[in-house]
Amino acid sequence: MNKLLVSVGMAMVLGACSSTQQPAQVADSKPAPVQQATAPTQPPTTAPTTTQQPTGVRVDPLKDRNSPLSNRVIYFDYDKDAVKPEFQALVQAHAKYLSENRTRKIRLEGHADERGSREYNMALGQRRSDAVRKAVSVLGVGNERVETVSFGEDKPKSNGHDEAAWAQNRRVEIVYDGE
Amino acid sequence: MKGSVRVLSVFIRVHLWLMLLFCGLAPVHAQLVIDVTTSAGRQIPIAIMPFAKEDMAPQNVTPVVGSNLARTGLFRIANTTGLSKLPTAPSEINFLDWSSRGMEALVIGAIEPLPDGRYSVSFRLFDVAKQMQTAGMSYTVAATQLRATAHKISDEIYEKLLGERGVFSTKIAYVLKRGNTFELQVADADGFNPQAVLKSVEPIRSPKWSPDGTKLAYVSFENRKSSVFVQDLVTGQRRQVANFKGDNYAPNWSPDGKTLVVALSKDAISQIYTLPATGGEATRVTQSSSIDTNATFNGDGSEIIFVSDRSGGPQLYSVPVGGGTVKRLTFEGSYNVNPRMSPDGKLVAFIAREEGRLRVATLELATGQVTVLTDGPLDDSPSFSPNGRTILYESKAGGRGTLGAVSADGRVKQKLSSAAGDVREPAWGPYGTSGAR
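Same order as they appear, the protein sequences are chains A and B. Going by this note's numbering, the letters in the first sequence line up with residues -9 to 169, in that order. Going by this note's numbering, the letters in the second sequence line up with residues 8 to 444, in that order.
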């Protein structure tokens, strides 16, 4: 509990100076030019909005690949449920969006790697989604707008059986209502 | 025999993203293959004569009875291959000869086709030393019931020779993952006749038999999160009994079958609740700020044994059903999870992590004695046979689940493998309601 409050405090500090998520955003923006290249061959109505940044038109930042809100996954250490400092900016971006868009709700989907008991891994996934809930709650997002659920180890992101795969699978995914 | 093979069906619901399909008889090649890996202790030497005329029947009975008895590790089956003049009638038995071969028990039998297409199956069990028949039975059954009849005969022989009920006619349920599809399957105790009772592209978990063996409670993620369902295996009707906000998981039945204990996160992080098995309002049992989960009723239904991480790592605890004083049950190790009650209410099987290995262990409630039964490394989901003698469990290897079985005294171990895929979370069903004494 104490550990969590400390890390949330760190989130605010980190969020205030610089974002550690910058490299990921650059990587995520790569597909955009490809889509743009194919855009002229498509009818204008089906052109992907994610590649368009016209001035004066408000683009849903949730669908904007360049927005920090496009990062939806928080990864965890083995057997741990603490939100690591490098994900605090991500958490803060979503908390900010939720504060500005009071009708939106999120679901936090917690996952565990395959080590450990299948049944108890449900609890570990829940601890992780609950840790993220607490982090956004401290930033002003009410619990009535956040549902925390766990998939345990049954929805792995990677099907491998080594540390690289397990690291991908120990996660919380942020899912917005209607997605 | 009536009722031992039922048409299983599921209520079909269609969602855009969900596939729940009725599935009839699964292909025979999907059955589990059983390999007894360890055997120890005294074994009763028994000679099982090939049943007369069984080669004319669509299903042999003798090899089924033989492998049933051998699998328990409690019998030594005589090899009759190559022996001439094997008896098929009482008058043909040379007791002195079988006695000199070290046999204590001998079985003869016959399968007679009847004019109406059915079969008359009969057997006789003899005490070789006393030269006396000690059991015998005759059954009139359809061809499709011949294998089930072999299980019945195995049960009769087992009980006569060991003085306790056999479990050869019972069922097991488990989750089979094939590719990205999850199947809830019900099979005979020897892994034959697997039938899918539910299929989904979302995970299915934690099947648990109702005490009368007619229903399964389980968790399905078809709502894109965990919800608890109860499915009637006779009618195929399925009912969502817990779909509160957050997680709804780890169901288990009360001994009277009227109540389910579940873990819910609707009010806090996972806590223990009870609710009517038909669905309805959930009553909170534990009040903690820790994870409380994986609950099971004790033998008389007065207490709930559950897992909590209130002291750090997960440990087993008990609490009265109506709530109250929580008592810690396990003290060794830092990770003790998945408690399951033995049928007599004396033992709790659970999973203990020792030196990084997940192993099946038992806790004797009266003494607090913990006994580790398996080596791991990733054993999970223990489930007692209805006679309490064997614990069936999931044994993960190479990211794939197989089934293992260990005797409650740890002396006999078996591995069950399926060519069909990844087998998980076995649950051994109770004695059937049909054919009960």
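No lab work stands behind these hints, which were simulated from the structure alone. There may be inaccurate statements among the hints.
[What the hints assert, rightly or not] In silico lysine-lysine, DSS-like type, Cα no more than 27 Å apart, as pairs:
| # | chain 1 | residue 1 | chain 2 | residue 2 |
| --- | --- | --- | --- | --- |
| 1 | A | K70 | B | K265 |
| 2 | A | K147 | A | K95 |
| 3 | A | K145 | B | K167 |
| 4 | B | K184 | A | K147 |
| 5 | A | K145 | B | K420 |
| 6 | A | K74 | B | K184 |
| 7 | B | K422 | A | K95 |
| 8 | A | K124 | B | K252 |
Every value quoted in this text rests on a predicted model; they were computed, and no experiment measured them.
The hints, checked one at a time:
1. K70(A) - K265(B): violated (37 Å)
2. K147(A) - K95(A): holds (24 Å)
3. K145(A) - K167(B): Roughly 48 Å separates the two Cα atoms, so the pair is violated.
4. K184(B) - K147(A): holds (16 Å)
5. K145(A) - K420(B): violated (31 Å)
6. K74(A) - K184(B): Measuring from Cα to Cα gives roughly 33 Å; hence the hint is violated.
7. K422(B) - K95(A): Judged against 27 Å, a Cα distance of about 47 Å means the pair is violated.
8. K124(A) - K252(B): This hinted pair holds, its Cα atoms lying about 17 Å apart.
Of the numbered hints stated above, those contradicted by the structure are hints 1, 3, 5, 6 and 7, listed in ascending order.
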